[in-house]
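Trainee: Please put together the full structure from these sequences, using the hints given.
Protein sequences, first through last, are from chains U and F.
Count along the first sequence from 1, add 1, and you get the number used in our numbering.
Count along the second sequence from 1, add 1, and you get the number used in our numbering.
Quick caveat, the hints were computed from the structure, so don't treat them as lab data.
For each residue, glycine too, the CB sits at the ideal point set by N, CA and C.
One or more of the hints may lead you astray.
Capping the alpha-carbon separation at 27 Å, the derived lysine-lysine pairs in DSS-like fashion look like this [what the hints assert, rightly or not]: (1) Lys17(F) to Lys139(U); (2) Lys169(U) to Lys20(U); (3) Lys140(U) to Lys43(F); (4) Lys202(U) to Lys92(U); (5) Lys98(U) to Lys262(U); (6) Lys190(U) to Lys258(U); (7) Lys169(U) to Lys140(U); (8) Lys169(U) to Lys229(F); (9) Lys110(U) to Lys140(U); (10) Lys136(U) to Lys43(F); (11) Lys310(F) to Lys229(F); (12) Lys258(U) to Lys110(U); (13) Lys230(F) to Lys291(F); (14) Lys139(U) to Lys43(F); (15) Lys136(U) to Lys17(F); (16) Lys136(U) to Lys20(U); (17) Lys230(U) to Lys258(U); (18) Lys92(U) to Lys139(U).
Residues on chain U that point at chain F, a partial pick, calculated with CB under 7 Å [to be verified]: (19) Ser89; (20) Gln123; (21) Cys129; (22) Gln157; (23) Ser166; (24) Ile220.
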Amino acid sequence: MVTTSNIRILEEKARTIRKHVVNMIFEAGSGHPGGSLSCVDIITVLYFHQMRINPAELKAGERDRFILSKGHAAPTLYAALAERGYFSVNKLHSLRKIGSLLQGHPDTKIPGVEVSTGSLGQGLSISCGIALAEKLDKKDSRIYTLLGDGECDEGQVWEAAILASHYKLDNLTAIIDRNGLQIDGPTEKVLSLEPIAGKWKEFGWNVIEIDGNKIVEIIDAFDEALQIKGKPTVIIAHTLKGKGVSFMEWICAFHGKGLNKDEMKIALQELGGE
Amino acid sequence: MELRSTRDAYGDALLKLGDNQNVFVLDADLSISTQTNKFAGKYPSRFINVGCAEQNLMGVAAGFAIAGKIPFASTYAIFSMRAWEQIRNTIAHDNLSVKIAVSHAGLTNGPDGASHQSLEDLALMRVIPNMSVINPCDAVETIGAVISEASREGPAYIRLNRSKTPVIFDDTYTFRFGDAVQLTEGDDLAIIATGTMVHKALEAAEFLKKENITARVINVHTIKPLDKKTIISAARETGAVVSVEEHSIFGGLGGAIAEVLSEQYPVPMEIIGVRDVFGESGEYDEILEKFGLTTTTIVTSARNVLRRKK
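Mentor: Listed below in structure tokens is the structure:
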């Protein structure tokens with residue numbers, strides 16, 4: 002049972018991760034703040050509530066796995082991994098620097114990263130392979146994959162969607178970070194995705210729609226997914242791109258743009274100090 | 002001489018691997034053509050059909066490798082190239098043990114024409130870090146290569162053929178990953194061949210004997226990592242090289258040899274392959290003739306390179 006105090010702890014953790022993200026992207030001088038901030042709450046719930054993982058045992062036989070298919074949200078993943086104890090938070094400032102562990106997009110050299118990603122559309126296929134292999138092995142583990150909404154333009158996503166439903170991968174949960182913006186503008190203007198829930202439903206998935214910036218709704222959705230048998234679940238998580246920093250919210254320009262010093266200071270103030 | 006396709010041998014090699022519970026075979030709706038249907042029939046629970054979706058094929062195979070399995074991913078050579086970026090960014094980048102075993106390579110898918118033939122794949126695979134590239138010359142070498150790859154870590158591209166070609170080796174042959182195989186003694190020139198062209202190189206060497214030219218025929222089954230030592234020795238000891246492959250003259254075996262020799266032991270060299278054009282429909286032998294992938298071309302190139310030899 003999730004208590005109000007649990008939720009407060011998770012909200013506080015999400016705030017910490019958002020501050021890391023702002024600092025990391027400021028220090029790196031480049032990155033993807035908008036889509037990193039939109040999915041902080043989802044990744045926070047996964048790493049601090051949902052997944053059965055142990056940073057001390059990276060290759061545990063029966064562990065849950067997270068694949069960041071929208072690899073440009075790497076700062077959020079890295080901050081969560083560091084906060085969860087996979088590596089020191091002191092390493093976070095080295096994001097995107099030459100010779101550093103923290104590559105611009107997720108890399109398996111980093112403890113806790115299950116597969117390298119960054120090129121959109123591939124994470125769901127990889128997750129299907131892991132989920133199918135583990136299902137055939139009758140393992141109890143679960144696979145979670147986070148996709149961007151713009152990423153759903155990629156045909157490979159739908160190849161994987163067909164496969165997941167055909168092979169009844171009920172150990173697989175996909176989450177779509179439905180922040181509504183992609184690089185060139187609103188998703189509905191660039192290449193309309195709606196009705197996105199209907200598409201996934203027709204592909205044979207159990208579909209849950211939530212406010213993806215509300216911790217309690219994310220927890221409930223993951224709980225519901227655990228109960229669904231015989232089909233994979235997709236959580237369409239309606240989020241705000243740039244969530245938590247007022248001047249970035251719903252601003253497309255912050256998809257792939259670094260932060261200057263003033264922007265960083267304002268952002269940190271809004272998030273409750275450095 | 003016995004004739005057998007390497008895809009047929011691949012199907013049998015997978016059966017030999019069947020007792021290994023970690024071996025999974027994935028196909029993209031071409032299991033009859035690639036001969037993975039043999040494995041599917043005997044081990045249905047370890048055969049995964051992903052439908053005709055090659056990008057997903059490579060991603061799912063990567064997932065199986067991440068989960069600790071040994072996935073063989075099969076389709077036609079040319080259609081695997083559709084997933085080049087998936088192969089590069091996931092399978093090769095993470096050094097996953099996915100074995101991409103693809104049939105109907107080169108011009109061997111004769112009648113289907115250019116869309117189904119593959120003359121660029123060796124170049125495209127060779128350029129990817131971590132990727133190994135294997136092009137067996139006959140059915141026996143194919144079985145050896147497939148069994149060897151099941152226990153070697155890391156990704157590989159194994160190039161197989163639709164057409165029946167002569168069986169060169171007998172059952173005593175042992176495939177050794179990365180080791181080129183010298184097939185004949187010779188000091189006048191080296192004919193370095195791969196895949197379907199190896200038996201034509203042997204025929205050419207036999208023909209050249211009549212002109213008192215001794216050719217050292219070398220079979221390069223592993224194009225990457227290339228057996229540089231054997232190739233440099235051949236260049237040093239013979240002073241002239243002809244390379245021959247059923248592939249574009251760009252970036253395949255000839256390119257790989259030229260890269261090594263130009264830096265370490267330059268000698269006159271002729272590269273035989275398809276000269277920057279697409280294939281076309283026709284019977285396999287007719288197409289080989291049309292594109293100059295014949296014993297006669299090898300003999301002519303041998304004479305040419307000997308004239309250039311100091």
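Trainee: None of the hints should be skipped; say for each whether it holds.
Mentor: Checked hints:
Simply put, Lys17(F) and Lys139(U) have alpha-carbon atoms about 25 Å apart, close enough for the 27 Å limit, and the pair holds. The suggested pairing of Lys169(U) with Lys20(U) is violated, with an alpha-carbon distance near 39 Å, which exceeds 27 Å. Taking the CA atoms of Lys140(U) and Lys43(F), the gap is about 24 Å. The hint holds against a cut of 27 Å. Taken as a hint, the Lys202(U) and Lys92(U) pair is broken in the structure, with Cα atoms around 41 Å apart against an allowance of 27 Å.
Of the pairs offered as hints, the one joining Lys98(U) and Lys262(U) holds, with about 18 Å between alpha carbons and a cut-off of 27 Å not exceeded. About 21 Å separates the Cα atoms of Lys190(U) and Lys258(U), which keeps this hinted pair within 27 Å; it holds. Among the hinted pairs, Lys169(U) with Lys140(U) is consistent with the structure: their alpha-carbon atoms are about 15 Å apart, no more than 27 Å. At most 27 Å may separate the alpha-carbon atoms for a hinted pair to count; Lys169(U) and Lys229(F) exceed this at roughly 49 Å.
Simply put, Lys110(U) and Lys140(U) have alpha-carbon atoms about 25 Å apart, close enough for the 27 Å limit, and the pair holds. Distance hint between Lys136(U) and Lys43(F) is fulfilled; the C-alpha atoms sit about 20 Å from each other, no more than 27 Å. Only pairs whose Cα atoms come within 27 Å are accepted, and Lys310(F) paired with Lys229(F) is accepted, the gap being roughly 21 Å. Straight-line distance between C-alpha atoms of Lys258(U) and Lys110(U) comes to about 25 Å, which keeps the hinted pair within the 27 Å bound.
Distance restraint check for Lys230(F) and Lys291(F): the Cα-Cα separation of roughly 34 Å exceeds the 27 Å cut-off, and the hinted pair is therefore not satisfied. At most 27 Å may separate the alpha-carbon atoms for a hinted pair to count; Lys139(U) and Lys43(F) meet this at roughly 21 Å. Simply put, Lys136(U) and Lys17(F) have alpha-carbon atoms about 25 Å apart, close enough for the 27 Å limit, and the pair holds. At most 27 Å may separate the alpha-carbon atoms for a hinted pair to count; Lys136(U) and Lys20(U) exceed this at roughly 38 Å.
Annotation: proposed proximity of Lys230(U) to Lys258(U) is violated, straight-line Cα distance about 41 Å (limit 27 Å). Only pairs whose Cα atoms come within 27 Å are accepted, and Lys92(U) paired with Lys139(U) is rejected, the gap being roughly 37 Å. Hint on Ser89(U) is violated. Least Cβ distance to chain F is approximately 24 Å, over the 7 Å limit. Contact between Gln123(U) and chain F, as hinted, is supported at the beta carbon level, the nearest pair being about 5 Å apart and thus within 7 Å.
At its closest, the beta carbon of Cys129(U) sits 5 Å from a beta carbon of chain F; the interface hint therefore holds under the 7 Å criterion. Evaluation of the Gln157(U) hint against chain F yields a held restraint, the C-beta minimum of about 4 Å falling below 7 Å. The closest approach between the C-beta of Ser166(U) and any C-beta of chain F is roughly 12 Å, which is over the 7 Å cut-off, so the hint fails. With a cut of 7 Å, the hint placing Ile220(U) at the interface with chain F is violated, because the nearest CB-to-CB distance is about 26 Å.
The structure fails hints 2, 4, 8, 13, 16, 17, 18, 19, 23, 24 (numbered hints given earlier, in ascending order).
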